[in-house]
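Colleague: Given the coordinates of chain A, assemble chain B onto it according to the supplied hints.
There are 2 protein chains.
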Amino acid sequence: MSFPAEAPRLLRALAGETLPRPPIWFMRQAGRYLPEYRALRATAPDFISFCHDPEKAAEATLQPMRRLPFDAAIVFADILLIPGALGQKVWFEAGEGPKLGPLPEIAALEAEIEASTGRLTNIGETLSRVRAALEPERALIGFAGAPWTVATYMIEGGSSDRSGARSLAYTDPERVDRLIDVLVESSARYLAMQAAAGAQVLKLFESWAEGLSEPLFERLVADPHRRLVARLRELGVTVPLIGFPRGAGGLVEGYAASVAVQGVALDTGAPAALGLAIQAKGKTIQGALDPLLLRAGGPALDARVEELLGQWGGGPYIFNLGHGILPDTPIAHVEQVLARVAGA
Amino acid sequence: MSFPAEAPRLLRALAGETLPRPPIWFMRQAGRYLPEYRALRATAPDFISFCHDPEKAAEATLQPMRRLPFDAAIVFADILLIPGALGQKVWFEAGEGPKLGPLPEIAALEAEIEASTGRLTNIGETLSRVRAALEPERALIGFAGAPWTVATYMIEGGSSDRSGARSLAYTDPERVDRLIDVLVESSARYLAMQAAAGAQVLKLFESWAEGLSEPLFERLVADPHRRLVARLRELGVTVPLIGFPRGAGGLVEGYAASVAVQGVALDTGAPAALGLAIQAKGKTIQGALDPLLLRAGGPALDARVEELLGQWGGGPYIFNLGHGILPDTPIAHVEQVLARVAGA
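As they're listed, the protein sequences go chains A and B. In the working numbering, each residue's number is its place in the first sequence (first place is 1) plus 9. In the working numbering, each residue's number is its place in the second sequence (first place is 1) plus 9.
Chain A with its partners taken away, still in its complex shape (with noise of 0.2 Å):
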């Protein structure tokens, strides 16, 4: 693939290209460390109205670009709107994070695949909103969360160590094995909706591949972005994917060897000679910076950026975190980053 020199950044490192400097965006770029987040978040009745309110939504992914020189937006919305949209409860208790109600009988879990993508149709609206309104050197980013990672809080109600959603992978393989299979239906189809809506670049987010074994985890991690990836090509989805099996370590490379993603994104912990070695065969990367620094700030955070750079920079390369932005880093930090990047 080739681009106009005017074409987003972020599809021009996502195509394979390496750029002068990498294009920048952060997990949870739209979030609580910006006052104006606070005060728009405020106005909402709960989280899950917040995710299906157009405008509101539209504002929250809006609100990082006007202030920021961020090279992509990413859809403000929440990995656990499929659950919901499928018929199992979602909310959110203040200061807990989500809660969910009883997993659904998985037949009944089934017979709301088709009608589930209908039901998500607001974010689709959100990301038109936001094309509309973003500049056209600035790419937008959809996202869902991957299979394996709501199958966890769909299992275990909440926040949890995953064990028990993992002990039932042992105990009743059937049982998840349709959940995943669920969930990588429904998933296809709510990124085929966000593509067509105007996301020219869609993120699945295994954020809790971290803990399985090699087998646990080309079952409920490989196998379904596999399929979820091949699902989407043959629904005409043809913008990049970025794949993120946060905390899969050694079995990261195995992933981007076998999973047709265009990018990688790598965690915290991912050392220099993995990513390179996913550049090497011919796959973008995106990372790794630790979050905890950002928040630190000070001369550490401009020499760690620098490693980064200098160690993933001379290959197809997005900059990012290993992980969200937290919610108590000083914007100013985000800035020392973002005109270190751009200064590269």
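These aren't lab readings, by the way, just hints derived from the structure by calculation. Be careful, since some hints might not be right.
If several chains are the same, the list does not tell them apart, and a pair holds so long as it fits within one copy or across any two.
Stated by the list, open to error - In the SDA-like style, the derived pairs of lysine to any residue whose C-alpha atoms are separated by at most 25 Å in a straight line are: (1) K108 with G96; (2) K98 with P182; (3) K290 with D232; (4) K65 with P336; (5) K108 with S169.
Fair warning: this is a prediction, and the values are worked out from it, not measured in the lab.
Modeller: Same frame as chain A, now just chain B:
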């Protein structure tokens, strides 16, 4: 090194020998899944006193050895005995895990290094008792928490997500590095005392190596391990060492290449290729059965045991779990694995 055929199989494996069937022991094999352990534990007023009572701790160490054909015993103790010996208050609240008093000034900790080993001689006494009671073909393992892992508890005041300790490593590097230095020296002396008392193998538990960036891992884990190993050899300790950088994922291979331990323990997430790469560099590997699969049992457990034996049994290998045995694990499942590994 070569041994007479009756030498403990664990030592032969750690000397680089590939045995027809690997030696086997389990992390937390002395523990709550055994009814006799629960009965014994109930006779001690609190967990720390239990660890410091040589008669009871020796009995806890020996309980699984009487009932099950493990190739090695590991002294019953805790990784948080060192902070106690250095003068930081440590206690366990029922069902809540460890609690620690405020972190003393580093200078105060430094002043206690020399005295700290003398406060841990009960653990030496436990080792001597166990060594006297244990059959000669079964090895005895001593251990300590690795410096970073122990430091996280000392800084955070208990169990945590370690983000406070990691942040402090950025915001007050001198203080954290001095704390690590204290732990390198006090742990080396403590481990040397254990070897003198009868430990034939020493294991370093770096239970919280996860989530560290490559430079932080080098600074807080790999470099301190190297210094600890060098200090042990300086103190005249000749027994083989096992390092366990749990959760270090993509950083484990570099750890194995740069730290002069004879064995590298792998966690549940270790891919087959990682273990083979470490064996190819002349080191013995240990691991990495999923404790959740051990608890689940059934044919899937047998299949995974066969898979591990097949993938790693062609080189120096110690069969073990990827993490400690869970309290509600049926003893029959442990017997099932022991029978299969012994029959391999």
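Colleague: Of the hints stated earlier, which fail here?
Modeller: none
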